[in-house]
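Here is how the chains run, residue by residue.
There are 2 protein chains.
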Amino acid sequence: MDMTEQITTMTRQAKDASRALTRMPRADKDACLRAMAKALEDHAATIHESNAQDMEAGRHMGLSRALLDRLLLDDSRISAMASGLREVAELDDPVGRILEERTRPNGLVLRKMTTPIGVVVIIYESRPNVTADAAGLCFKSGNATILRGGKEALNSNQVIAHVMLKAGRGTCTDFPEHAIQVVPTPDRAAIPELLAQTDNVDLCIPRGGEGLIRAVAECSRVPVIKHYKGICSVYIDGAADPDMAVEIAVNSKTQRPGVCNAMETLLVDEAIAPDILPRLAESLIAKDVELRMDKSAQAIMGNSVHTATEEDWDTEFLDLVCAVKLVPGVEGAINHIHRHGSGHTEAIVTNDAKTATRFQLEVDASTVFWNASTRFTDGGQFGMGAEIGISTDKIGARGPMGLAELTSYKWLGEGRGLIRS
Amino acid sequence: MDMTEQITTMTRQAKDASRALTRMPRADKDACLRAMAKALEDHAATIHESNAQDMEAGRHMGLSRALLDRLLLDDSRISAMASGLREVAELDDPVGRILEERTRPNGLVLRKMTTPIGVVVIIYESRPNVTADAAGLCFKSGNATILRGGKEALNSNQVIAHVMLKAGRGTCTDFPEHAIQVVPTPDRAAIPELLAQTDNVDLCIPRGGEGLIRAVAECSRVPVIKHYKGICSVYIDGAADPDMAVEIAVNSKTQRPGVCNAMETLLVDEAIAPDILPRLAESLIAKDVELRMDKSAQAIMGNSVHTATEEDWDTEFLDLVCAVKLVPGVEGAINHIHRHGSGHTEAIVTNDAKTATRFQLEVDASTVFWNASTRFTDGGQFGMGAEIGISTDKIGARGPMGLAELTSYKWLGEGRGLIRS
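Line by line, the protein sequences give chains A and B.
Remember, the working numbering sits 21 above the position in the first sequence when you count from 1.
Remember, the working numbering sits 21 above the position in the second sequence when you count from 1.
Hints in this document: simulated from the structure, not taken from any laboratory.
There may be inaccurate statements among the hints.
A pair holds if it fits inside one copy or across any two, identical chains being indistinguishable in the list.
[Said to hold, decoys possible] In silico lysine-lysine, DSBU-like type, Cα no more than 30 angstroms apart, as pairs:
(1) K250 to K133
(2) K316 to K59
(3) K36 to K59
(4) K172 to K133
(5) K133 to K308
(6) K250 to K308
(7) K375 to K59
(8) K133 to K59
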């Protein structure tokens, strides 16, 4: 079989599996998820073995220590995959929920009901635990999954999927054997082939660095839900409580600087900058944050801080670095964000409800916080229970994507012999 | 300016306009829509003049009579555009609606609120009234529109957009002048340029024949919501009321055979075929429908009907032609639809609620009717007031697309100095 045939066969099998998943009752899905969790624990030795092969090959390839660490599946990571699946089993079934119901004057009853999306392709980088997490969320939402991880994790990914499938089949006779598939080849050409299968693939969710995501978006013929980067800012308004402003800025920047919902840019209302900027700077510097300020901020702070370059406003530092800019009030903040934001998360600190409302309505981002840290944009924090990613797109899901965001909908119409005149 | 610059400028201007539209209160939007309606009526003479140029050029190009008829803007079509805009003004504002609200244990209040999508590109064929209809719906939902109609309608489209813009600006000082733009060149190269503008264009909705839609989907780098075709079927179950079955089949096929929600395939449960098929056939033939039957149906009907080819199951006839097939019960119907359906509309006629539920849950289509004609898949029939198209996609809108389907959402989070620990 050549690559096109191989991938076409996979996606057709996934489409057939998705039909069976649509029919599967919640109790069966949850029993399968629990069995999969147990199987991952029971087969930890097999998983370690395959992972050791990947680690060994990775060392030969000269992977960095950071990448090798991400590739590693130790006992605690295997346990985490298992408990992730058990948590997903506890969550409500996102499918079959009636979102709206209306009865038309002619008696036609219309119900808008959530459905699985169908076949979801997940493309990700080296972390093999994504295999279990993503497959579990897709399975619970009734979707068949085709997983394409990094080539350095292929053995680990295949064994995880195999263990999960076997547990599913052993639990439920209707479990479709192609519900979870791992692309079996490390060949990069498999990706454009997969993403050309518009008849059978309904959605692609890429997870990883901006390069991977751009490459996927560039070549895909199927819908993609993605986020390139999180250039999140906190705007300290003139009517902010100073203590709260410092707390939120510090938390947004330093609580976990390497993630997409960490603050990258601090915007300060020029009206209160002479008072508050030194306090903000002092607190951030105390947490080892390197500050890069525009001219007007620097005029207040002196040469103890770096000068921001134009590039800094568009940079996701993912590190203890923060760009700082003075803006002429909320409008200036909104304008800055419109130009430089990535549509992920923005926050305002103010005690003025009117200003907060304006900021929240006009800023175009998946999540806009008022008097809260940017770090709350997260499926767990939103009560979604688990998250497959965060979308900065506007079609389909936006913001954190949990089970509900892995569904589509259909309209069910009911008449009593109703015809159109 | 070369094409790329010209299109980039347009989309940037549209993006800026979309910011202003996000802020515009409902009352202003509705006042603008009413003023636009009046202006179209007041400037009927100017519209006729431009349209006459298009008609004249169309005749020279050798357009068919059908195409020339679609191109024509007579007084009744101008009135229809105006009343369409007035109807949209009456509809609720789809933006700013709270879809969900939750308070997390830490006190974080989360509201999921509808927002405009941003910049919407509409690509359509010769009917110039789409210009007013689509621009009106997009404007009410707070989106900036870039319209690209058929080259043969360019003058008509430009004058319609110009009249609407002028009315908007005359009504409301905040009306952004690039809220509604018509691509000013007939050059086809403008389309891939437009659809490559991922920074500024949020969605493309193509409307027209399958060729146009496939070409758009093929080249677009921005999300596309579309429907290729409507191969809708009606399944007459063994437990159907015979009179109702005949009424629904005839209505689905003949009430307006040239549209996407008309029935193309009639599936009949083989258990009742000997009884009901002759009645169904007689009623359809009485309405001048050409029947193309599979072997087993033909065995009942004899040689008075045509034989269906394999191709017929995948054909959108858009005419008084109907493919007919006997199937072994509801499962057979579902299997046929899985293989041949276009994801638009399917219907079952049965008095057995369990069978109906199975059909509605398992059939993968935007709309699945029970004891109702396929002809009800329509924005007006759904109570949406107006419709910009019908989506057979699963990401973003599915089924009829009214104002609500032209929105996205964002999360508004509110704390009282909330930080993440």
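Status of each hint after checking the structure:
no. : hint         : result
1   : K250 to K133 : between (33 angstroms within a copy, 22 angstroms between copies)
2   : K316 to K59  : neither (58 angstroms within a copy, 52 angstroms between copies)
3   : K36 to K59   : within (27 angstroms within a copy, 51 angstroms between copies)
4   : K172 to K133 : neither (41 angstroms within a copy, 38 angstroms between copies)
5   : K133 to K308 : neither (50 angstroms within a copy, 34 angstroms between copies)
6   : K250 to K308 : within (24 angstroms within a copy, 59 angstroms between copies)
7   : K375 to K59  : neither (52 angstroms within a copy, 35 angstroms between copies)
8   : K133 to K59  : neither (36 angstroms within a copy, 36 angstroms between copies)
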